[in-house]
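*Asks:* From first to last, the protein sequence lines are chains A, B and C.
Going left to right, the first sequence walks through residues 0 to 393 as numbering that gives the first Met the number 0 numbers them.
Going left to right, the second sequence walks through residues 0 to 482 as numbering that gives the first Met the number 0 numbers them.
Going left to right, the third sequence walks through residues 0 to 162 as numbering that gives the first Met the number 0 numbers them.
If you're looking for bench data, these hints aren't it; they were derived computationally from the structure.
A portion of the hints provided could be inaccurate.
Below are the DSS-like pairs computed for lysine-lysine, each with C-alpha atoms no more than 30 angstroms apart in a straight line [said to hold, decoys possible]:
{"no.": "1", "chain 1": "C", "residue 1": "Lys85", "chain 2": "B", "residue 2": "Lys200"}
{"no.": "2", "chain 1": "B", "residue 1": "Lys203", "chain 2": "C", "residue 2": "Lys133"}
{"no.": "3", "chain 1": "A", "residue 1": "Lys82", "chain 2": "A", "residue 2": "Lys152"}
Just some of the chain C residues that point at chain B, by a computed CB distance under 8 angstroms [as the list claims (entries may be wrong)]:
{"no.": "4", "residue": "Val39"}
{"no.": "5", "residue": "Ser132"}
{"no.": "6", "residue": "Leu136"}
{"no.": "7", "residue": "Leu140"}
{"no.": "8", "residue": "Ser142"}
{"no.": "9", "residue": "Val150"}
Computed Cβ-Cβ distance ranges for the label pairs, DEER-style [stated by the list, open to error]:
{"no.": "10", "chain 1": "C", "residue 1": "Ala2", "chain 2": "A", "residue 2": "Tyr6", "range": "37 to 43 angstroms"}
{"no.": "11", "chain 1": "B", "residue 1": "Asn295", "chain 2": "A", "residue 2": "Phe337", "range": "37 to 43 angstroms"}
{"no.": "12", "chain 1": "C", "residue 1": "Val56", "chain 2": "B", "residue 2": "Gly70", "range": "38 to 44 angstroms"}
{"no.": "13", "chain 1": "B", "residue 1": "Ala180", "chain 2": "C", "residue 2": "Glu139", "range": "20 to 26 angstroms"}
Idealized CB from N, CA, C, for every residue including glycine.
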Amino acid sequence: MQQFADYLLDEGILAGLPKSLGYALVIAFFAFVLLNFIMLVAGVTSWLERRVWARIQSRVGPNRVGPQGAIQWLADGIKNIMKEDIVPTAADKPLFKAAPYLAMIGFFGAWACVPFGDGLIIADLNVGVLYITAVTGLVVVGILMAGWSSNNKWALLGGMRSAAQIVSYEIPAAIAVNAVIVLTGTLSMQGIIRAQGWAPWNWFLFDNPFTFVAFFIFFVALLAEGNRTPFDLPEAESELVAGAFTEYSGLRSLLFFLVEWGNLYIIGALCTSLFLGGWQTPHFTDNGFVLGLVQFVVFFLKSYFLVFVAMWIRATLPRVRVDQLMSLCWKYLVPISFVNLLGAMLWVVAFPHGFLPARLGMFLFGIMVTIYFLMRVAFHLRRARPEMSWNPIA
Amino acid sequence: MIEVVFGGAELRAVTPLLVVVVTAMISLLYEVFNEDHSDPARPVWLSLVGIVGGIVATVALWENGHSAFHGTFALDGVSAFTNVVCLLAAGLSLLMAPGYLTSIGVRAREFYPLVLLAASGMMVMGGARDLIVLFLGIEIMSIAAYVLAGIHRTDVKSGEAALKYFLLGAFATGFLLYGIAILYGATGSTGYDAIAAALPKASKLLVLGGVALLIVALGFKVSAVPFHFWAPDVYQGAPTSVTALMAVGIKAAAVVGFARLFIVALAPLHQDWAMVVWWLAVLTMTVGNVTAVAQNNVKRMLAYSSIAHAGYLLAAIVAGTPRGGGAVLFYLLAYTFMNVGAFAVVISLGRKGEANEQFDDYAGLASRQPLIAAAMVLFMLSLTGIPPLVGFVGKLYLIEAIVQAGYIWLAVIMVLNSAISAYYYLRLIFEMYMRDPAGPASAMEPAPLLIACLLLATVGTIFFGIFPDAPLDFARNSFLALR
Amino acid sequence: MIAFYFIALLTLASALLVVLHRNPIYSALGLVNTLFLIAVSFVMLDAELIAMLQVIVYAGAIVILFLFVIMLLNVESEVRSARISKIGTAGLAFVLLFAVELAVFALVRDPSGAQELPAGFGSTELLAETLFSKGMLSFELTSLLLLVAVVGAVVMARRKVES
Numbered sequence: 000m001q002q003f004a005d006y007l008l009d010e011g012i013l014a015g016l017p018k019s020l021g022y023a024l025v026i027a028f029f030a031f032v033l034l035n036f037i038m039l040v041a042g043v044t045s046w047l048e049r050r051v052w053a054r055i056q057s058r059v060g061p062n063r064v065g066p067q068g069a070i071q072w073l074a075d076g077i078k079n080i081m082k083e084d085i086v087p088t089a090a091d092k093p094l095f096k097a098a099p100y101l102a103m104i105g106f107f108g109a110w111a112c113v114p115f116g117d118g119l120i121i122a123d124l125n126v127g128v129l130y131i132t133a134v135t136g137l138v139v140v141g142i143l144m145a146g147w148s149s150n151n152k153w154a155l156l157g158g159m160r161s162a163a164q165i166v167s168y169e170i171p172a173a174i175a176v177n178a179v180i181v182l183t184g185t186l187s188m189q190g191i192i193r194a195q196g197w198a199p200w201n202w203f204l205f206d207n208p209f210t211f212v213a214f215f216i217f218f219v220a221l222l223a224e225g226n227r228t229p230f231d232l233p234e235a236e237s238e239l240v241a242g243a244f245t246e247y248s249g250l251r252s253l254l255f256f257l258v259e260w261g262n263l264y265i266i267g268a269l270c271t272s273l274f275l276g277g278w279q280t281p282h283f284t285d286n287g288f289v290l291g292l293v294q295f296v297v298f299f300l301k302s303y304f305l306v307f308v309a310m311w312i313r314a315t316l317p318r319v320r321v322d323q324l325m326s327l328c329w330k331y332l333v334p335i336s337f338v339n340l341l342g343a344m345l346w347v348v349a350f351p352h353g354f355l356p357a358r359l360g361m362f363l364f365g366i367m368v369t370i371y372f373l374m375r376v377a378f379h380l381r382r383a384r385p386e387m388s389w390n391p392i393a
Numbered sequence: 000m001i002e003v004v005f006g007g008a009e010l011r012a013v014t015p016l017l018v019v020v021v022t023a024m025i026s027l028l029y030e031v032f033n034e035d036h037s038d039p040a041r042p043v044w045l046s047l048v049g050i051v052g053g054i055v056a057t058v059a060l061w062e063n064g065h066s067a068f069h070g071t072f073a074l075d076g077v078s079a080f081t082n083v084v085c086l087l088a089a090g091l092s093l094l095m096a097p098g099y100l101t102s103i104g105v106r107a108r109e110f111y112p113l114v115l116l117a118a119s120g121m122m123v124m125g126g127a128r129d130l131i132v133l134f135l136g137i138e139i140m141s142i143a144a145y146v147l148a149g150i151h152r153t154d155v156k157s158g159e160a161a162l163k164y165f166l167l168g169a170f171a172t173g174f175l176l177y178g179i180a181i182l183y184g185a186t187g188s189t190g191y192d193a194i195a196a197a198l199p200k201a202s203k204l205l206v207l208g209g210v211a212l213l214i215v216a217l218g219f220k221v222s223a224v225p226f227h228f229w230a231p232d233v234y235q236g237a238p239t240s241v242t243a244l245m246a247v248g249i250k251a252a253a254v255v256g257f258a259r260l261f262i263v264a265l266a267p268l269h270q271d272w273a274m275v276v277w278w279l280a281v282l283t284m285t286v287g288n289v290t291a292v293a294q295n296n297v298k299r300m301l302a303y304s305s306i307a308h309a310g311y312l313l314a315a316i317v318a319g320t321p322r323g324g325g326a327v328l329f330y331l332l333a334y335t336f337m338n339v340g341a342f343a344v345v346i347s348l349g350r351k352g353e354a355n356e357q358f359d360d361y362a363g364l365a366s367r368q369p370l371i372a373a374a375m376v377l378f379m380l381s382l383t384g385i386p387p388l389v390g391f392v393g394k395l396y397l398i399e400a401i402v403q404a405g406y407i408w409l410a411v412i413m414v415l416n417s418a419i420s421a422y423y424y425l426r427l428i429f430e431m432y433m434r435d436p437a438g439p440a441s442a443m444e445p446a447p448l449l450i451a452c453l454l455l456a457t458v459g460t461i462f463f464g465i466f467p468d469a470p471l472d473f474a475r476n477s478f479l480a481l482r
Numbered sequence: 000m001i002a003f004y005f006i007a008l009l010t011l012a013s014a015l016l017v018v019l020h021r022n023p024i025y026s027a028l029g030l031v032n033t034l035f036l037i038a039v040s041f042v043m044l045d046a047e048l049i050a051m052l053q054v055i056v057y058a059g060a061i062v063i064l065f066l067f068v069i070m071l072l073n074v075e076s077e078v079r080s081a082r083i084s085k086i087g088t089a090g091l092a093f094v095l096l097f098a099v100e101l102a103v104f105a106l107v108r109d110p111s112g113a114q115e116l117p118a119g120f121g122s123t124e125l126l127a128e129t130l131f132s133k134g135m136l137s138f139e140l141t142s143l144l145l146l147v148a149v150v151g152a153v154v155m156a157r158r159k160v161e162s
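Take these sequences, add in the hints, and give me the full structure.
*Replies:* Here it is, written out as structure tokens:
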């Protein structure tokens with residue numbers, strides 16, 4: 000992106016303008032593109048999630064608007080925008096109105112460091128990983144603000160729960176990331192991806208036992224940070240109506256949903272870049288455009304697979320209790336991640352250039368676990384003899 | 000690649016610290032898994048092992064002119080002496096703790112590791128040759144002390160003491176950090192040697208501003224007037240064994256930190272800070288002594304007396320000479336024995352539910368508890384400065400150092416103050432020996448550990464009064480070696 | 000330069016909001032904003048790591064806990080009382096003190112002493128190098144300090160004393 004910006008500024012349409020104005024325009028342009036991309040991703044995710052749940056729960060799901068209901072999200076969005084934006088009388092109006100935008104800023108900022116491809120990143124900061132942790136932390140402020148300013152007990156409780164959850168789970172997440180950082184010695188997202196390879200055994204997931212554990216800690220902690228089931232207590236409908244967002248309607252409520260579903264993709268993208276090799280592909284062609292496109296697709300598919308896993312988990316697992324949530328974080332994830340980090344450091348000292356047998360071994364182990372899992376699923380399917388069909392409408 | 004320097008010098012520097020800290024951690028972990036709480040004295044033993052281990056390691060490993068971690072920390076004579084004094088103070092207050100804590104109903108067994116952690120902070124302060132290390136030492140010690148002061152959670156006074164200490168302490172920390180920042184801005188370094196080297200070229204205005212803030216912060220920690228307002232309430236409200244630790248250990252560490260900073264790093268500015276500290280010392284000893292006269296509570300009287308003693312110590316720092324530094328170190332040792340002894344006597348009179356801390360409660364003690372009364376007489380006389388007890392020798396050398404540096408008036412004021420202090424120390428003796436008991440008091444056997452504590456303090460008070468040479472020479476030489 | 004003044008002005012404004020606003024929630028949010036803007040200033044000083052840590056630690060965790068407590072206690076907007084104005088006077092005195100000090104700094108500053116920044120200034124590597132060589136003892140002692148604070152907090156906050 001840097002190259003593209005330089006091209007625009009030096010030779011492209013912006014060549015004549017003053018430097019600072021040109022930069023501002025380029026930034027605005029990127030932001031516009033990114034925002035549209037996010038809306039698309041979040042929208043499609045929302046539709047897909049409902050379909051996936053429906054499939055898992057033997058229902059149909061939205062299938063009316065467009066082919067298989069594929070533009071249901073667009074209809075929902077337009078409906079929400081056109082609805083009246085109600086601000087409760089007793090609410091603290093300035094904060095109530097500002098809260099969704101604040102959450103949006105924190106969430107939107109994180110996208111600047113998501114590496115969609117080699118060079119396809121808005122800003123490859125040298126403290127990229129920390130940057131993402133930092134700006135997503137700002138979402139908490141928005142949620143807390145929303146909860147408090149609504150002047151509603153459920154909203155306040157939901158906001159509190161959410162903030163407590165996010166602040167707590169940031170710790171295991173950050174420590175788990177450190178297992179990767181000690182391996183690469185850089186905090187830049189691109190640097191971390193470049194240290195991996197396209198082949199699965201060159202991914203950090205399989206690099207050594209400690210990164211393997213770190214991946215799962217990281218994924219679980221991110222699910223909790225994104226308020227996803229089984230950690231969606233802040234908006235547990237049976238207890239808190241809709242948590243911090245109870246009083247919101249119209250566009251503002253839409254923004255919160257945008258943050259939620261967009262965040263899901265961020266979770267996938269982070270795990271992919273840190274542990275699953277990011278956009279790495281074999282260098283099969285010298286055509287930069289084709290290569291870039293393939294990289295983008297590879298990255299997108301990998302992260303979307305994780306999004307799918309998160310949906311799957313949401314449709315399968317029940318919600319945990321608050322005390323279970325906290326004890327999982329403080330009594331299990333935090334100590335495990337500390338020990339894990341120590342192990343990762345020792346590993347780096349022992350094998351500064353990696354240890355191929357361990358990689359291959361971990362990879363084989365991963366394959367074996369997957370095969371075992373599939374066998375279990377197949378076994379149960381055979382036992383239950385359900386009527387299988389891939390198309391629920393048929 | 001980063002070159003991590005961790006060699007013999009570093010290991011030597013941190014070993015005593017490690018011994019104490021690791022013992023504290025072991026004892027914390029032990030309490031997590033220990034289900035049997037029948038014997039309140041048991042956790043003491045582990046902590047005492049840590050204390051003794053720390054002393055042994057210090058004695059075995061110190062060397063003059065030692066410096067480690069790029070000159071930020073040292074285990075030289077001064078810090079070795081501080082380590083021993085602070086560990087002694089911590090050990091003695093640990094000895095008096097178990098029976099006392101049970102009698103006032105404190106069951107928090109984190110008390111013992113916290114005392115060790117506070118002691119480790121003191122050790123850091125003693126060896127700090129860098130402002131940041133000094134700051135960290137102060138904070139480690141202080142945070143442990145805040146909690147210890149409030150460890151008697153069902154007691155309102157203890158809670159008040161903890162809160163007061165914490166809030167004012169946090170305020171003092173602000174001053175400390177700000178002073179460090181300004182001094183760093185002026186000299187470009189936080190290391191003592193580098194500061195001393197950079198001072199002649201640095202802007203005087205900035206340096207003096209930083210030094211003023213440092214004086215405020217450290218003055219708070221040594222409870223110097225006018226930063227002393229927290230001290231009486233905190234000393235009185237905190238559990239007595241904690242008060243002993245605060246009055247002796249924390250004061251010792253803070254005074255050594257003060258002395259090292261001002262005598263080593265700020266030596267080129269001696270002319271400038273000496274006058275401020277001169278006034279600080281005079282005010283501290285005078286206000287402390289005069290206010291102590293009016294007290295009716297023994298613990299509170301001891302608190303004011305400890306303020307006054309801080310004034311004596313500051314007076315020797317004014318001298319700014321190695322001789323003065325040596326006298327300070329020796330006086331800290333002396334003060335440890337006599338003051339901890341006094342607090343041990345206060346504890347031994349306490350009963351379940353009644354503290355017996357008023358002067359009236361001491362009436363006729365000589366007939367009820369002749370041995371304890373005799374010990375108290377010893378400590379009071381020593382605090383006054385009567386030969387041949389250790390307090391006399393200590394004070395003598397303080398005055399000698401002050402006179403030698405040319406501060407005659409300061410010495411005169413100090414002697415006058417000692418005369419004032421005689422009034423309230425002797426008043427306690429008068430209560431114990433010349434008055435009849437107010438009512439029948441039950442005779443109670445003090446806990447064996449408390450007796451051991453009293454015995455140690457008594458022996459120290461007498462022994463070092465008669466044979467002061469060895470520690471005194473050591474203290475002087477170690478300060479000489481700093482130059 | 001324009002960016003600096005803009006950020007500085009915003010920082011000042013939100014810092015004033017912290018002090019002057021009657022509603023503690025607004026004050027806390029103003030604090031978040033101030034700290035965030037200070038992080039922006041750090042970025043402009045080429046200290047990205049510090050900036051990120053500033054946001055993560057202060058805006059992301061510490062002030063959140065402040066907000067938490069304020070919201071849970073449901074603190075009402077304060078009423079101006081004589082006491083408050085007394086504190087205000089003290090605050091004003093401090094402001095004056097710091098203003099004088101700033102003036103001193105500005106006067107004392109020697110522009111000729113300004114040096115070219117070393118290569119990699121503000122980078123994570125350089126910071127780590129300093130931290131683990133010159134500041135190793137301080138770094139380790141900080142962990143001890145945190146241990147003491149954690150133990151202390153647990154002791155003070157434990158619901159009932161074990162029996």
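*Asks:* Work down the list of hints and note, for each, if the structure agrees.
*Replies:* Status of the hints after comparison with the structure:
1. Of the pairs offered as hints, the one joining Lys85 (chain C) and Lys200 (chain B) is violated, with about 41 angstroms between alpha carbons and a cut-off of 30 angstroms exceeded.
2. At roughly 27 angstroms between alpha-carbon atoms, Lys203 (chain B) and Lys133 (chain C) fall within 30 angstroms of each other, so this suggested pair holds.
3. Straight-line distance between C-alpha atoms of Lys82 (chain A) and Lys152 (chain A) comes to about 24 angstroms, which keeps the hinted pair within the 30 angstroms bound.
4. The interface hint given for Val39 (chain C) is violated, since its Cβ lies 21 angstroms from the closest Cβ of chain B, which is over the 8 angstroms cut-off.
5. A hinted interface residue such as Ser132 (chain C) counts as satisfied when its beta carbon comes closer than 8 angstroms to some beta carbon of chain B; here the least separation is about 6 angstroms, so the hint holds.
6. For Leu136 (chain C), the suggested interface contact is upheld, since its CB lies about 4 angstroms from the closest CB of chain B, less than 8 angstroms.
7. Here the hint on Leu140 (chain C) is kept, as its CB sits about 4 angstroms from the closest CB of chain B, short of 8 angstroms.
8. For Ser142 (chain C), the interface hint is violated, the least distance from its beta-carbon to any beta-carbon of chain B being 10 angstroms, above 8 angstroms.
9. Proximity of Val150 (chain C) to chain B holds as hinted, the smallest CB-CB distance being about 6 angstroms (cut-off 8 angstroms).
10. For the hinted restraint 37 to 43 angstroms between Ala2 (chain C) and Tyr6 (chain A), the CB-CB distance of approximately 24 angstroms leaves it violated.
11. Checked against the hint of 37 to 43 angstroms, the pair Asn295 (chain B) and Phe337 (chain A) fails, with Cβ atoms roughly 53 angstroms apart.
12. In this structure the supplied range 38 to 44 angstroms is violated for Val56 (chain C) paired with Gly70 (chain B), their Cβ-Cβ distance being about 29 angstroms.
13. Distance hint for Ala180 (chain B) and Glu139 (chain C): a CB-CB separation of about 22 angstroms, consistent with the stated range 20 to 26 angstroms.
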